[in-house]
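Asker: Just so you know, the protein sequences line up as chains A and B, in that order.
Under our numbering, the letters of the first sequence match residues 1 to 419, in that order.
Under our numbering, the letters of the second sequence match residues 1 to 419, in that order.
Since the hints were made in silico from the structure, they are not lab data.
Hints may be right or wrong, so weigh each one.
The list cannot tell twin chains apart, which means a pair is met if one copy fits it or any two copies do.
To be verified - Under the rule of at most 25 Å between Cα atoms (straight-line distance), these lysine-lysine pairs were calculated in the BS3-like manner:
id: 1; residue 1: K176; residue 2: K331
id: 2; residue 1: K151; residue 2: K56
id: 3; residue 1: K397; residue 2: K127
id: 4; residue 1: K139; residue 2: K176
id: 5; residue 1: K127; residue 2: K364
Keep in mind that this is a model prediction, so the values were computed, not measured.
Protein chains: 2
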Amino acid sequence: MKVGDLIEIKKDGKVYRGVLMPHHAFSGRNIIVIKLENGYNIGIKVDKNCKIKVIKSFERRSAKKPKIPFDENKKTVALIGTGGTIASYVDYETGAVHPAATAEELALAVPEIFDLCNIDAKILFQKFSENLSPKDWQKMAREVARQLNNKKNGVVIAHGTDTMAFSSAALSFMLKNLNGPVVFTGSQRSSDRPSSDAFLNLMNSVRVALSNIGEVVVVMHNSISSTGCYIHRATKVRKMHSSRRDAFVSINSNPIGFVNENGIEFFGGYRKKTDGKVKVMPKLNENVSLVYFYPGMTREEFERIVEWKDGVVIAGTGLGHVNEDWIPSIKRLTRQGIPVVMTTQCLYGRVNLNVYSTGRKLLKAGVIGGEDMLPEVAWIKLMWVLANEKNVEEAMKKNIAGEISERREIRSLHAKNFI
Amino acid sequence: MKVGDLIEIKKDGKVYRGVLMPHHAFSGRNIIVIKLENGYNIGIKVDKNCKIKVIKSFERRSAKKPKIPFDENKKTVALIGTGGTIASYVDYETGAVHPAATAEELALAVPEIFDLCNIDAKILFQKFSENLSPKDWQKMAREVARQLNNKKNGVVIAHGTDTMAFSSAALSFMLKNLNGPVVFTGSQRSSDRPSSDAFLNLMNSVRVALSNIGEVVVVMHNSISSTGCYIHRATKVRKMHSSRRDAFVSINSNPIGFVNENGIEFFGGYRKKTDGKVKVMPKLNENVSLVYFYPGMTREEFERIVEWKDGVVIAGTGLGHVNEDWIPSIKRLTRQGIPVVMTTQCLYGRVNLNVYSTGRKLLKAGVIGGEDMLPEVAWIKLMWVLANEKNVEEAMKKNIAGEISERREIRSLHAKNFI
């Protein structure tokens, strides 16, 4: 029995049929993982009550090389690979899992996609997302516009999850007049693991890419016990867990909707796609700092970080505060025309510089209140605004890509289950 | 009718009796706020159907100056004022709300406390919490130990909410062998506002201070629709909303319990108070940086921040990653004996440097994995460990004050109500 063989396992009166996957380092010793015909991976504990037989060996199965199908009656979605766990590919010859190196490997990683649409796959680059830079966001934006202006119904970007929320927020500001959905997706567990979310995230992303949304969104698993994903507005989403499959959470906003095999359920308003052409405004002023304030961080430390910068975003405490020692330094920056934007490291809630005297002093020192923007989104926005808008303060306070939302109430911030 | 008068309002067949509070800038024009006899504030919309009469004018009410009672049959709790919204005091003579300047004002802010115990109040200092520094944590730790070693059953520290989680975490490491509960509390709305949480937080904190807990905890409102508070372990709690009364959330851990007028319900294990004397180990090495990584943050920026530091905590992405460009700089630090600790900016979840190659390279460069510690808690711990422990790596990986928890599953991270 070799990796890639189609096998059948009988256990406790049940029959499981699927392709044998490579053994994963995180799986138990007696666990074997098979990929079922519907695309899901399951892990089965092998004991003496199990009966296993090989239905078709890999050599016979793979005699006819898989080909990328094309059906002219179906819509076409562009699938852009940028790296990350989702773009990993199981090599049944060697048993290894490696990054999809070619467009074919990427497209064939989840062949079930072809039931939904045609796929035009492209490897834009292959990087762990922690190694991406703003230059990579610009490349992605240009490629997405090229694809959407070339008769694709939508675009799916396979991306590492670590900085996916940064990249997708950046594209939200760079892409104007979207004539189709731009969907970022990733996976928290590689596709050879029994609990892999790669298959579901990719299938649901393609469903969203075929919709009438005209926004940049992140489509990721919504819970560990469903086949569905939330559709998050890219400027409101944050990776809030290091390893869970439902790590992506909309902050200060509901997700746009929910998607599973039955389709999309929308929770509220969203921007619909247009008929025109997508415009790209990829320019950024990268000389902007994001500074997390903490008690004991001195004015000198702050000054060293922001020296020679063209803009500064601070993640302050509570309603948007820093130690009042910093205020003279901040005033000096704003007097030189360097915008200083205040956000809150609470993440949830809105900045309000009118409640306490520290806030009022910051306002007087020329600080721009960042409303309910996430610190990292305000940082990306400031880079974009400095390169594209004349009135920086006005632009920072205006909702450009869904990054500032109306006031609302949520019921509780506590994780659902405790106790 | 003047502020401080005891008044009665008849409206829609109901009668409300209480002390007229100053008009708050955030309340509507026709809203008057009264403090009921049970200590709660309510706002009532005044219209032509309301009947208002003065029961007792302030001058007559205040003829006998309030005095701090003492009942020798009751336990005694120390109430330490450090500033912040909770320690504000309504001056019925002027109608103004100002910080409690004397121990009497602090103790009498919520006179209902005296039904529970005797209060020994003290103003340690009066600062907005964004202006506190590690020196202030040391002052607090020494004062708490002095009080607990002087026959107090417990200590309540009234503190601004902005950096309360920092201060309370610091005291968790500094105070050893606790012979009574150390309870931090604050308020998100000042005591003249109809929605003020000051009364409930203080009452519930005193209830906890009378318990058998031997830990530093944060007691804050658990929801906007209950009279109860969660008891959070100080090393696991974070202010997660800029303005909500239930802003404090336990991360990667359940709260220790729930408290309201019916008593305390414990959710799990906690450390019980000892019989001995409290020891203070207040030393810190303040020369430690906390660095939030973001894409495009260059190695040069990182180097400028950590230059001449004795320790560095990084809030990386996902399982604990940074751009691989940083790795040579990190290696240079660890070779010089400067510890570099990795945490995750996801906040939820655990660092794992064994899954991806970036993590393995970081491990090889000498990075210490920060388990499931919050970035700011790891930063405080490293300052404490550098000043008090010989083997820094061993100490950082060991659970000292509840800051590292066992692996566990939570059901969902999404705010409960959306949709």
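Asker: Of the numbered hints stated earlier in the document, which are not met by this structure?
Answerer: 1, 2, 3
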